[in-house]
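Undergrad: Chains as they are written, first to last, in my numbering: chain H, 1206 to 1314; chain B, 26 to 138.
Be careful, since some hints might not be right.
Among the chain H residues that face chain B by a calculated CB cut under 8 angstroms, a handful are [to be verified]: (1) Leu1249; (2) Leu1252; (3) Gly1263.
Chain B regions said to be covered by chain H (calculated; three or more residues, Cβ under 8 angstroms) [to be verified]: (4) 65–77; (5) 100–114; (6) 128–135.
Honestly, the hints are just simulated from the structure, not real lab data. Even glycine gets a Cβ: it sits at the ideal position worked out from N, Cα and C.
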Amino acid sequence: AQRVTQPEKLLSVFKGAPVELKCNYSYSGSPELFWYVQYSRQRLQLLLRHISRESIKGFTADLNKGETSFHLKKPFAQEEDSAMYYCALSGPGTYKYIFGTGTRLKVLA
Amino acid sequence: SAVISQKPSRDICQRGTSLTIQCQVDSQVTMMFWYRQQPGQSLTLIATANQGSEATYESGFVIDKFPISRPNLTFSTLTVSNMSPEDSSIYLCSASGVNTEAFFGQGTRLTVV
């Protein structure tokens, strides 16, 4: 079955602490993996996609095909990182997403 | 990336009625999609809106309940028919271009009473 699993509904960290939001997936084939973020009262927006291998707002994510994971990391959390984060996958080039249940990140002062 | 406008942003409807949600993109896109986000749950794909032809529905969603139109490359509508309280959700329109990731509208928050 095709599935995205985000095991943590809520993750609280202190400002300046490292952050890791976990994402595991199940897919037969080679999916594309994405992280989307939704800040308070804003629309869902793309944070990262695995094929670009960029670092956005200090966040990185590495696709580990052996562990079928795409964890999102940031070395030093900032208060403005507080948001809802969704991991998603799609078939190559389809952009029809399967979303995880999301992790709410709270960065405490 | 392009901008998606959804209307209405929210509505409260009586059970048994229907609501049509509009999605307008400010540039031509290849693919358009409709998602549902039920309270406390993740986003679930309802269907792919195909220009000039019937939408492609995901398992668990049917045309009679969620009729979709896409008359051109920049506009689509989703109708939630014969509504019940279980249809209370956020409905999101999404679009993507050639080899670009999908972007999202701000959503329509529907409450059925």
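Undergrad: When the nearest CB of chain B is found for glycine 1263/H, is that gap smaller than 8 angstroms?
TA: Constraint on glycine 1263/H not satisfied, violated at 20 angstroms.
Undergrad: Please count how many residues of the segment 100–114 of chain B have a CB within 8 angstroms of a CB from chain H and say whether that reaches 3.
TA: Answer violated; 0 residues pass the 8 angstroms Cβ test.
Undergrad: Given leucine 1252/H was flagged as interface, is its beta-carbon under 8 angstroms from a beta-carbon of chain B?
TA: Check failed: Cβ of leucine 1252/H comes no nearer than 10 angstroms to chain B, outside 8 angstroms.
Undergrad: Restraint: leucine 1249/H near chain B, CB-CB cut 8 angstroms. Satisfied or not?
TA: holds, 4 angstroms
Undergrad: If you count the residues of the segment 128–135 of chain B with a beta-carbon closer than 8 angstroms to a beta-carbon of chain H, do you get 3 or more?
TA: Three-residue rule met by the segment 128–135 of chain B, so holds; n is 5.
Undergrad: Tell me whether the statement that chain H covers the segment 65–77 of chain B is true, taking a Cβ distance below 8 angstroms and needing three residues at minimum.
TA: With 6 residues in contact (Cβ-Cβ under 8 angstroms with chain H), the coverage given for the segment 65–77 of chain B holds.
Hints 2, 3 and 5 from the list above are not met by this structure, while the remaining hints are.
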